[in-house]
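Hey, can you work out the whole structure from these sequences and the hints?
The lines below spell out each chain.
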Amino acid sequence: MYYPPRYRISPLTTIKVERLLPVQGEVLVQVGQRVAPSDDVAQTYVPRQSCTIDVARALGVSKDRISRHLVKGEGETVEPDEIIALRRGRLGFAGRRVCRAPVGGTLMNPSAVTGRVNIVPPPTLFSLKAHVKGRVGNVMPRFGVVIETQGALIWGCTGTGGETSGVLKMVVKCPEDELVAGRIDLSCHGSIVVGGAWISEAALLQAVRMNVRGIIVGGMDAIRLSHSQDLRLEGDQNLVVVIIEGFGRIPMAQETFDLFASLEGREASIRGEVGNAEVIVPQAQTVAAPVSPGREFLEPGSTVRIVREPYTSQIGTVVAVPSRARPIETGVLVRGVEVDLTSGQRVFVPRTNVELVLR
Amino acid sequence: MPGTTEVQSALVADCGSVLTKVALLDFIGGEYRFVARSEVPTTTTAPFNNVMVGLRSAINEIELVTGRRLLQDGDLVTPERDDGSGVDAFVATTSAAGALPVVVAGATRDFSTAQGIRAVRSIYAQVQDVIAADSTDLRRWSEAEDKLELFRQVQPEAILLTGGFDGGSTRHVVEGCGIIATAIADVRGTAKVPLVYAGNAAARQNVVELLGNLVDLRVVDNVLPAFGRENLAPAQAAISELYRQRRMARLAGFGQLSAWTQAPVLPSADAQGLVMRFLARQYDANVVGVDVGGDATSLFSVLDGRFRPLVRSGLGVGTGTLGVWQEAGHRSIARWLPYELGPTDLRNRLENKRLRPATIPQTREDVLLELALAREALRLVVTEAGLHGVKADILIASGGGLIHAAHYGQTVLVLLDALQPVAVSRLWLDKLSLLPQMGALATLEPMAAGQATVRDALLPLGTLICPVTRRGQVAAGRESKIALRFRIAYAQGGSLDVEVPYGTLEVIPLPPGQQATLDLRPARGFDIGLGPGRAGKIDVDGGVVGLVVDARGRPLALPADEVARREKIREWLLAVGG
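Note that the protein sequences, when read in sequence, are chains A and B.
Just so you know, we're using this note's numbering here: the first sequence kicks off at 1 and counts up by one.
Just so you know, we're using this note's numbering here: the second sequence kicks off at 360 and counts up by one.
Some hints here could point you the wrong way.
Claimed, not checked - Restraint-style ranges between C-beta atoms, simulated for each label pair:
1) G614/B <-> Q254/A: 33 to 39 angstroms
2) G426/B <-> E299/A: 16 to 22 angstroms
3) V321/A <-> P914/B: 45 to 51 angstroms
4) G614/B <-> V274/A: 26 to 32 angstroms
5) R324/A <-> Y698/B: 39 to 45 angstroms
6) G571/B <-> R48/A: 26 to 32 angstroms
7) V321/A <-> Q514/B: 41 to 47 angstroms
8) V23/A <-> H766/B: 53 to 59 angstroms
To be clear, the hints were calculated from the coordinates, so they are not data collected in a lab.
C-beta atoms are modelled at their ideal positions from N, C-alpha and C, and glycine is treated no differently.
Pasting the structure below:
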């Protein structure tokens with residue numbers, strides 16, 4: 001059986017979000033507790049990068065003699081700019097040289113081989129946010145929690161990294177529209193804006209100026225992705241971009257765009273991690289949401305999204321899964337599927353070029 | 360008779376970085392033959408996170424095609440049963456474990472670290488940093504400070520320390536140890552980083568004293584025991600062993616994969632190298648094999664009996680597209696396209712391929728772009744190996760970057776453009792992506808591997824003839840000069856006289872299974888491997904492309920003008936079939 005890659009676009013489903021600390025720490029919430037995206041659910045102390053200091057060079061002494069000049073011993077705490085080693089001059093202060101700590105921390109590893117020491121700064125407090133509105137479904141003591149919620153879930157294909165939450169705001173009218181600077185105004189402040197096929201560099205900068213928290217868009221130039229990772233908002237948060245379809249000018253699939261449009265005005269939590277980009281829009285429901293769809297394989301009736309030219313981002317229904325390889329336009333023989341597109345066109349595409357749509 | 364282990368049937372698998380390929384071999388009519396194969400995406404990432412999911416999926420597909428049951432309750436049926444289900448043997452190779460991050464440290468950048476890098480690049484490893492201790496003290500230490508910072512960031516899974524000739528000065532090695540000791544003290548966690556020492560034998564005691572307590576030390580023979588005397592094999596073996604221990608063994612599902620196999624699971628590159636050596640011995644020939652994969656591009660040469668592998672992880676046509684972009688650049692990739700493609704669009708397409716590496720190009724533009732990428736990946740590797748203008752009796756092409764061409768002529772053109780071979784070569788294509796598996800099978804059942812490789816794995820593309828001048832390109836304006844005249848005398852009767860002008864590419868059909876004798880008469884100054892202007896007769900075999908005469912000159916020159924360049928690319932594509 002062939003396991004196709006998946007693409008999830010669920011208007012209403014049960015969502016479990018795992019929130020894990022980078023290193024072991026303390027969980028601050030209990031099972032059943034209701035949480036908002038900005039609530040702290042766990043915290044820990046994260047070690048910081050140590051700093052290497054070439055004491056021998058700073059003092060102008062041979063490497064194997066630095067221990068004679070250290071005024072702080074291994075394991076001792078030092079403050080920023082504090083003298084850690086000293087070479088006294090022969091006549092009073094003439095020729096005196098000092099070596100100061102560039103950062104505060106613990107002095108470690110004085111080496112007679114290299115003439116260097118390390119200063120290990122104290123760990124910093126890291127607070128883990130809930131990220132989504134929901135209920136704590138499970139607590140993994142010291143590691144983190146699982147937040148459960150119900151609502152819409154849409155996967156992106158990549159993003160700029162980071163996560164944020166805010167109110168969804170549509171700023172284009174159709175999936176083919178490009179997100180240009182003029183579409184982002186003061187009304188977008190603090191929100192997550194949804195664009196169509198592409199976002200310009202000017203629009204990214206405008207989003208930062210308007211303090212837009214996040215952007216959801218069909219496509220984006222790859223070269224802009226790395227640039228936008230450096231775009232900083234108020235409070236030193238980065239602008240989170242979730243790309244739904246891929247790189248370049250790629251209109252969002254109509255179905256995906258329509259779902260976002262139906263969710264406008266609701267609070268969304270977005271994550272722009274490469275390989276794990278997603279949009280979650282919690283919804284208050286009185287009926288139980290489905291946990292997961294049933295289909296696992298490509299079979300007649302499966303809904304698929306095509307992810308390669310010439311049909312990129314089109315969603316359709318599989319009508320046949322031939323067991324034998326067939327030629328495609330380029331002449332190559334491939335295993336593939338016949339798909340009815342929403343445009344009414346029936347196409348044969350390599351099975352590796354489709355993703356199974358899960359709802 | 361089958362081999363000594365009475366293996367009558369075998370299932371062979373290669374779990375690649377992008378695709379998992381499985382093939383079924385059977386003992387039919389007195390020899391081992393290929394029966395069926397399947398190819399599915401490798402499942403090392405979410406949601407599957409286990410290489411066995413893709414492997415079972417591929418085996419399922421062979422079951423469907425052949426009607427032969429190979430799995431029972433998810434386990435492999437072995438040995439083969441009387442009802443025809445199951446197989447006697449299962450072997451596997453893999454390149455899905457990702458590259459081993461390695462730091463190479465040594466005394467001199469030109470000698471010891473250069474050799475160290477070559478030793479590391481014989482397997483799926485990424486040289487994260489190079490620390491050379493030559494040059495003046497000040498410069499060395501100022502450089503070392505930056506390198507230490509990087510050292511901390513890359514957190515290597517292995518270090519290769521080289522330096523000095525055997526019996527020479529130990530000073531640089533000791534200083535190199537000092538740099539490493541400082542960095543290790545900073546990056547060390549619970550486990551000790553493995554360090555392979557392959558330098559001056561006289562410094563071994565110093566290395567043990569300085570680093571023995573800080574690292575997991577492994578001492579092997581010097582990569583450069585004396586000036587001009589290279590000895591890479593012991594260091595290569597040590598790095599390969601580390602790759603198996605630290606990358607392959609940690610591959611999700613590797614335990615079960617190993618439990619299924621009758622021979623150790625091999626890195627695909629190691630296995631493919633075994634096949635190249637076998638072919639070189641079998642045909643008593645100089646063999647060059649290239650493999651353009653999703654994440655790595657490899658080159659294996661057996662020239663005058665000397666085997667040299669070069670594996671460049673991070674250069675490929677799948678997840679490795681960004682590596683090619685970064686090293687080759689937009690212009691180098693785009694120059695092979697017969698259409699205009701700006702840097703932004705090109706980068707977008709490459710990133711989309713990286714995002715979904717298993718996808719297959721469905722438009723001509725996309726096919727040509729992937730082949731352009733394959734050319735540049737190959738060019739980078741060939742340049743590093745110093746094999747531009749190689750003279751090989753047999754050239755073998757493998758990997759998804761080459762076998763997914765729209766037709767075989769395009770594959771031949773990629774090889775010609777990237778390798779720029781000279782003289783006469785036979786061209787073969789690993790059409791079924793079987794070579795790594797055949798290498799693994801050879802460790803268990805050499806006869807089965809040999810027969811299946813020769814009979815089924817390698818598709819003859821044809822014979823290549825590249826007349827070249829000693830002075831390189833012929834001056835502009837003399838391009839219509841005839842470079843080669845020859846008469847083809849077909850074994851089945853009939854003959855044909857051909858003239859090939861300089862600067863052109865000609866393909867003369869000679870189908871697979873047919874032979875012909877060529878009476879070659881190169882023009883004055885042109886060499887076909889027999890000496891400048893010297894004529895000769897050779898027997899050639901046919902192939903799916905035929906007889907290819909590449910008289911475009913070496914090094915290959917593309918017109919500087921964009922329109923003329925695109926026209927020239929179109930002309931060459933047309934010459935090989937479109």
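Hints and how they fare:
A hinted range of 33 to 39 angstroms is violated for the C-beta pair G614/B and Q254/A, which are about 45 angstroms apart. Here the CB-CB span from G426/B to E299/A is close to 20 angstroms, well matched to the stated 16 to 22 angstroms. Checked against the hint of 45 to 51 angstroms, the C-beta distance between V321/A and P914/B comes to roughly 48 angstroms, which is consistent with it. Take G614/B and V274/A: their Cβ atoms lie about 28 angstroms apart, and the range 26 to 32 angstroms holds.
Range check, R324/A to Y698/B: about 33 angstroms between beta-carbon atoms, so the 39 to 45 angstroms window is missed. A beta carbon spacing of about 30 angstroms between G571/B and R48/A agrees with the range 26 to 32 angstroms that was offered as a hint. Between V321/A and Q514/B the beta carbons are some 45 angstroms apart, a value that agrees with the proposed interval 41 to 47 angstroms. Range check, V23/A to H766/B: Cβ separation about 55 angstroms, and the 53 to 59 angstroms hint holds.
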